[in-house]
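Chemist: Residue numbers (full-length UniProt numbering), protein chains in the order written: chain A, 1 to 499; chain B, 1 to 286; chain C, 1 to 334.
If you are wondering where the hints come from, they were derived from the structure by calculation, not from laboratory data. On a predicted model such as this, the values are computed, not experimentally measured, just so you know. Careful: at least some of the hints might be erroneous.
If we take Cβ atoms under 10 Å as the criterion, some of the chain B residues that face chain C in the derived model are [claimed, not checked]:
no.	residue
1	R76
2	G136
3	P137
4	Y138
5	T282
6	L285
7	L286
From chain B, some residues computed to sit far from chain C (all C-beta separations above 12 Å) [said to hold, decoys possible]:
no.	residue
8	G71
9	G83
10	S90
11	P133
12	V143
13	D238
14	E248
15	K283
16	G284
Where is the CB? At the ideal position from N, CA and C, for every residue including glycine.
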Amino acid sequence: MTFLDYAPAPESRSILDLRSDYGLFIDGEWRAGRGTPFASISPATEEHIASIASANEADVDAAVSAARRAYEKTWSRMSGADRGKYLFRIARLVQERARELAVAESLDNGKPIKESRDVDVPLVAAWFFYYAGWADKLDHAGLGAAPSALGVAAQVIPWNFPLLMLAWKIAPALAAGNTVVLKPAETTPLTALLFADIVRQAGLPAGVVNIITGAGETGAALVAHPDVDKVAFTGSTAVGRAIAKTVAGTHKRLTLELGGKAANIVFDDAPIDQAVEGIVNGIFFNQGHVCCAGSRLLVQESIHDEVVDRLKDRLSTLRLGDPLDKNTDIGAINSREQLDRIRELSAVGEAEGAERWTAECAIPDNGFWFAPTIFTNVSTSSRIAREEIFGPVLSVLTFRTPAEAIAKANNTPYGLSAGIWSDKGSRILAVADQLRAGVVWANTFNRFDPASPFGGYKESGYGREGGVHGLAAYLKPGSSALAAPATRSQKAARKGAAK
Amino acid sequence: MTRLAVPKTYKLYIGGKFPRSESGRVYEVASASGSFLANAAQASRKDARDAVAAARAAVGGWSGTTAYNRGQVLYRIAELLEGRRAQFVSEVADAEGVTTAAATAQVDTAIDRWVWYAGWADKYAQVAGNGNPVAGPYFNISVPEPTGVVAVIAPQDSSLLGFVSALAPALVAGNTVVIVASQSMPLPAISLSEVLATSDVPGGVVNILTGSPAEIAPWLASHADVNAIDLVGAGDLDWVALQIDAAETLKRVLAPENGPDAAAPALSRITAFTETKTVWHTKGLL
Amino acid sequence: MTLTQIVQGERSLAVIGGEATDANLRRYLHGIPGVDAVGLEQRAAGLGTRSIKTTSKAWALDRIIGLIDQTTLEGADTPGKVRSLVAKAVTPDPADPTCPSTAAVCVYGDMVPFAVEALGSARGDPEKGGVAVAAVATAFPSGRASLAVKLADTADAVAAGADEIDMVIDRGAFLAGRYGMVYDEIVAVKEACRRTDGTSAHLKVILETGELNTYDNVRRASWLGILAGGDFIKTSTGKVAPAATLPVTLLMLEVVRDWRRMTGERVGVKPAGGIRSSKDAIKYLVTVAETVGEEWLTPSLFRFGASSLTNDVLLQRQKLATGHYSGPDYVTID
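With the rest of the complex left out, here is chain A (with noise of 0.2 Å):
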């Protein structure tokens, strides 16, 4: 045996109890869903795991108008000490079920528990800290004083970061007073569903979360019930543009968190084996199942074949296989559906000319699995430069200099982030100014803060999760908010306009 085949590391499952199947949390308590109900799997191994309600229109209907009660009867009127403190104990709570929800987000999802445990559930608890403690400090947003809530937040959340990006939405709805219907994507229900009896444990007031389980159908008729004030949105730009649409000529707030194809731009001077590491954190970084992915590698045309080379041998090191295995850096593709995607658009570079590299790695006979790809002699017009894959496969491109490096950077219709290696700092400096993304990694990649605004330009989406940009998102302007005030002349204007 050879000391690098670790032996398997399995993280236990005796740790969860789960249930055979799950109904709809509304209003405090699981009622049936009146859709037909569907399996999650893992998939992993493509066992069921356990089946899961669909909510139908009437059962939207019932948890839009409890969220709706509990804004109107309870939520709305207790102070903003008091919401912060349920936000405490929901941390307080995840972080000590973190192993639990690790374990049930790996199973589920697929990503490697490593990521589960040291990523995914810690930014969790860290987002609820976060905006717990701005609950009672709304004065202090930068939206003038007592800004409100905006009333029922309608949010629907992807399969890639399943309770992470439940955080992103509920934190900061509930510390700016609004009641949420949350629904989790399709293939990813469980800790969501988990995360209901986290909202038991810490007491919250009946109708403050309601979450719903179902496909898309279910989302497109919460997101477009009247009754629902504000719109979070975190998946593809597709389904992004669609609701847009939908909530086109309505009161309704909205909050898109969309595609991207980000660039990683690697200069000549850039630290090398800190670039190769951020080079494979930002692609293949659970599974490339990010939209912030690096999935463009922009290298400087003189150091291309050492960067892809040492690329190679350090993507040789990598584990494909059991996501409960504490040594898995790659895990499962979430569903078969975005494996055939994967396929199909790796095929399509293939035959667009570009030269394919997948690293060896067993493949397990069950589940959803797809080795780490990297594509050189990409040309920027080919598909896979432009197209979100979504999934463990880095095209790789060249530039000569900075300006040329700026423009490939651009030439995308998303804008949600990008890196930059250089150790030249005024460098960095300039190319972070003229890169259009929402979220620029300098030195770094695929870092994530509740302090930090995330987000994206052009077709990645609008508005800001994250920060007090994040809060904003769910807050209407208090009434003395940042207006200018009126001079004498323009009352002036006025009454003459008013004749």
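Please build the complex by placing chains B and C on the supplied structure of chain A, with the hints as guidance.
Modeler: Showing chains B and C alone in chain A's frame:
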């Protein structure tokens, strides 16, 4: 013996130049009392296209100026407007049929509005940006940046103040603008283009179209190279359809506003056309 | 000078692009890509989360013992203390004859004759199951002496039977940018390692990374040590805090990896000081395996400089063998 006046030909303002509509069309603009004032160019979709191209070309330069410089350029507009105050008072009075006093008040307010927004150029980023205390060895800062090309449907019931109130905030952050003037009262807006052309505002930063908002707005709302659209003056149009068009490329949209407070001065009108960019950098002594 | 030494020296000069002057070395060493401290430390932390269980762990524990330079470097060292150290190195666990011996003992130069004598027939190439004698030299740990004294210190230890010499670089000269002086000194010490029969004691070059302070300095000093002909690059004397850390060792392994990439040659790495637990040592093994490959987990290419690590490994070994936790009374103190 009275002197026979020399009337002005009112044209479009695109890329720092004053073209006629490529369509060759004009429409008659009348005073509030119904008398003929002038023929204004009736802009076509191709004029809108040209205006967007000019605006796009100007983004790099305008957004690349220092905030201090942008503030001075906007302030310079106020200075020049002040110098041509009498002309604008007369044009506003003619267009809107208001008293000279009311027209004067409107022009003064418009001038003051430029001053107010000019002052924001080097401040809004401090108010809307943040240093973020992230849990790790990182320098992390969020700054607002211009979103790019902004299309504006100016308020239709205000000839100058509404126009300025919608235009000025979009310029503060470094966006460039394609703005459709009030259809019935376009002349003060066109005269403003003469002020802009002789001020320090680079060509293409502001592009002014006159004509039918109902005809032009859909082309702007659906134009893929427009980043945001301010529908403040689109209340009488099918603005929901415009918003749906805008959603196709996820444009930032401001909804219609009615009444004398439309486009009231506010920081939020500046930040509505900005993108928050968050930059992380590692921090290490070793 | 042997043929290989000449070839090596010429190749280094070719890499540097001229004579080993301060200016040429500076140009070369400062032209190598920089190190981002945060990224390096995150990578090291990631490697530290690898989980080793059961059979891998048994293999790892035995391998750790076989890579240890069992060390005593005290002013109070005596022949008796050294004999005790040697006994521990040869037979780490008297209760278990299957326990491998350590790679070497590491002592001050004047203690070499006692170590040689105590080892007797057990002395030999650790690649072949023997225990080598390593001596620190060159006015260890500060290195603050004239070159003549450092060379005499080295030659003396070699003459007394040292198989390996652990030299310290002149950190003062390094930090002052006098890279040529540091280079020349390593070359001279390497020459002093030669025995009368033409063979040479192996040279480990101690960078004293705690005094170099920055990762960029560690990286440059690593290159300098390798270019000048060091067989090993070693983190620390153990007399300066911080001694060996995982990020520093990772960084040095990356240099060794890049050197192999460039020349095909293998250079050893020795983290020394501060590695006291099996758990930590296993993190180093993982780091070696994932950075340069498992072939490096052999005494000619990787060592731990440690004194108390052996006993912790033995306790873990006993736990694996018996299934219950052991205690300090069940391992010997040397």
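Chemist: All hints are to be evaluated individually against the structure, with a verdict given for each.
Modeler: Cross-check of the supplied hints:
no. : hint : in the structure
1   : R76  : violated, 45 Å
2   : G136 : holds, 8 Å
3   : P137 : holds, 5 Å
4   : Y138 : holds, 7 Å
5   : T282 : holds, 4 Å
6   : L285 : holds, 7 Å
7   : L286 : holds, 4 Å
8   : G71  : holds, 37 Å
9   : G83  : holds, 56 Å
10  : S90  : holds, 65 Å
11  : P133 : holds, 16 Å
12  : V143 : holds, 22 Å
13  : D238 : holds, 53 Å
14  : E248 : holds, 40 Å
15  : K283 : violated, 7 Å
16  : G284 : violated, 3 Å
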